[in-house]
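Participant: So you can see what is in the structure, the chains are spelled out below.
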Amino acid sequence: METKQIETKSAPIELEVNSAALKRLMEEVAADDKVFCATHYNRTHNRHNR
Amino acid sequence: MNQPATTGRRLDTILLKVASRCNMDCSYCYVYHMGDEGWREQPKLMSPAVVESVAASLRTQLERQGDPFNIVLHGGEPLMLGVERLSDLCRTLRNALSASCGIHVQTNGILLSDPIIDVLVEFGVGVSVSIDGPAAVHDRFRKDHRQQATHARVVAGIERLQRRDDARPLFAGVLAVVDPASKPSEVYSCLKETGAPGLDFLVRDGNWDSLPFGKASADSTEYGEWLSGLMAEYLADPAPPRVRILDDMLRLLLGGKSYKEGVGETDYGILVVEPDGRISKNDTLKVAHASADRFERPWSILRDELSGVLASASFEDYWRQQRPTSSLCKMCPDLAICGGGMVAHRWSAKRGFDNPTVFCADQRLLIANMRNAIRLADGDAA
Chain A
1 METKQIETKS APIELEVNSA ALKRLMEEVA ADDKVFCATH YNRTHNRHNR
Chain B
1 MNQPATTGRR LDTILLKVAS RCNMDCSYCY VYHMGDEGWR EQPKLMSPAV VESVAASLRT
61 QLERQGDPFN IVLHGGEPLM LGVERLSDLC RTLRNALSAS CGIHVQTNGI LLSDPIIDVL
121 VEFGVGVSVS IDGPAAVHDR FRKDHRQQAT HARVVAGIER LQRRDDARPL FAGVLAVVDP
181 ASKPSEVYSC LKETGAPGLD FLVRDGNWDS LPFGKASADS TEYGEWLSGL MAEYLADPAP
241 PRVRILDDML RLLLGGKSYK EGVGETDYGI LVVEPDGRIS KNDTLKVAHA SADRFERPWS
301 ILRDELSGVL ASASFEDYWR QQRPTSSLCK MCPDLAICGG GMVAHRWSAK RGFDNPTVFC
361 ADQRLLIANM RNAIRLADGD AA
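Chains as they are written, first to last, in our numbering: chain A, 1 to 50; chain B, 1 to 382.
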């Protein structure tokens with residue numbers, strides 16, 4: 001794990017340099033989002049009364 | 001989805017309010033606690049006659065538009081239908097529609113019993129459960145009508161779903177409403193522990209006249225800081241689930257697409273059918289003011305064709321409302337990422353929806369931090 005502290009307008013934030021989540025997204029976008037189109041994960045879920 | 005108005009817009013999501021009441025009484029709920037009393041006029045449950053009419057209308061609309069849409073069972077608490085009526089509803093919809101149309105339920109999880117899960121399995125209904133984090137965070141606002149905590153019952157429902165090999169694949173995700181006073185790390189860990197493949201987060205509702213809970217002013221960034229903290233947790237996780245709000249915004253920054261309403265500039269065709277059959281706009285518009293989700297004409301699924309609604313000038317106005325009109329938004333370098341946020345969050349009595357989202361400062365902070373994260377990953381550390 002390698003993190004770097006980023007100064008922001010508010011509190012500083014520690015961000016991972018070698019992020020698995022970001023790597024996954026980069027690969028999906030490079031593949032034109034085809035990897036991402038799983039039926040169990042679309043925008044119609046996760047919509048509730050708040 | 002960018003069809004000319006003369007041919008009628010297409011439907012991509014139909015939200016069925018199958019129950020107008022809820023077995024929980026969350027203090028922040030936009031249905032019951034934000035000034036709209038429309039639920040009082042509704043029958044408690046959607047009747048079989050309305051369900052039949054919904055199924056017939058959706059079949060006709062599917063034949064007309066070709067592209068499948070998704071059906072979300074919503075409420076209130078949709079599982080208050082009970083086993084028999086839920087089964088009848090799902091069978092009616094499945095008989096009317098091809099398998100390309102997904103059926104999903106957004107539930108608070110308490111009523112996820114084995115007989116209910118049997119129905120969900122039989123008809124392939126995807127499940128998403130609302131849970132705000134660990135007990136101390138969740139139970140602060142998500143109580144039942146006796147003001148009793150609900151977290152343990154929600155977790156038990158998720159566990160019943162997860163115990164079954166036949167039901168586990170239906171579990172789509174969990175959804176939390178952000179309490180900016182909570183710790184993002186604790187909330188992220190708790191939600192990940194549910195084993196859900198996807199996590200999603202909503203900010204508390206509000207507008208320019210009624211600031212969201214936890215925001216000291218329109219310029220303050222409590223939610224932006226919280227979501228940035230969540231992102232830090234997510235990006236540091238070596239085995240991350242999906243976090244949809246972050247994935248969608250990051251994907252847009254990387255040149256990809258977004259899928260979540262209120263993010264990016266994709267337009268959506270969402271209609272709501274109330275328990276009595278009334279056809280309404282996106283129900284989150286209730287957050288702006290009472291009845292903001294109603295069309296001028298009281299369209300009903302019992303009388304009116306969906307194609308007529310989708311081709312109407314009223315629907316066109318509603319569709320176009322998704323794009324922000326504020327000059328501040330139009331000049332903003334982050335517009336393609338934030339999309340102006342949820343329409344309801346732009347509201348003020350003075351200017352209507354002609355404002356940026358009340359979360360504008362939060363969005364700008366989060367997007368700046370996302371750009372930093374991408375620069376770091378690209379080896380171009382700031």
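The hints are simulated quantities; they were obtained by calculation from the structure and are not laboratory data. One should not assume that every hint holds.
Where chain B lies over chain A, by a calculated footprint (3+ residues, C-beta under 8 Å) [unchecked claim]:
#1 12-20
#2 24-30
For lysine-lysine, the following DSSO-like pairs were computed, each having C-alpha atoms within a straight-line distance of at most 30 Å [unchecked claim]:
#3 B:K330 <-> B:K350
#4 B:K257 <-> A:K4
#5 B:K183 <-> B:K143
#6 A:K23 <-> B:K183
#7 A:K4 <-> B:K330
#8 B:K215 <-> B:K192
#9 A:K4 <-> B:K183
#10 B:K215 <-> B:K350
#11 B:K257 <-> A:K23
#12 A:K23 <-> B:K143
#13 B:K143 <-> B:K192
Even glycine gets a Cβ: it sits at the ideal position worked out from N, Cα and C.
Participant: Decide, hint by hint, whether the structure agrees.
Facilitator: Evaluated hints:
no., hint, result
1, 12-20, "holds (count 8)"
2, 24-30, "holds (count 5)"
3, B:K330 <-> B:K350, "20 Å, holds"
4, B:K257 <-> A:K4, "28 Å, holds"
5, B:K183 <-> B:K143, "20 Å, holds"
6, A:K23 <-> B:K183, "25 Å, holds"
7, A:K4 <-> B:K330, "33 Å, violated"
8, B:K215 <-> B:K192, "27 Å, holds"
9, A:K4 <-> B:K183, "20 Å, holds"
10, B:K215 <-> B:K350, "20 Å, holds"
11, B:K257 <-> A:K23, "16 Å, holds"
12, A:K23 <-> B:K143, "39 Å, violated"
13, B:K143 <-> B:K192, "22 Å, holds"
Of the numbered hints listed earlier, those contradicted by the structure are 7, 12.
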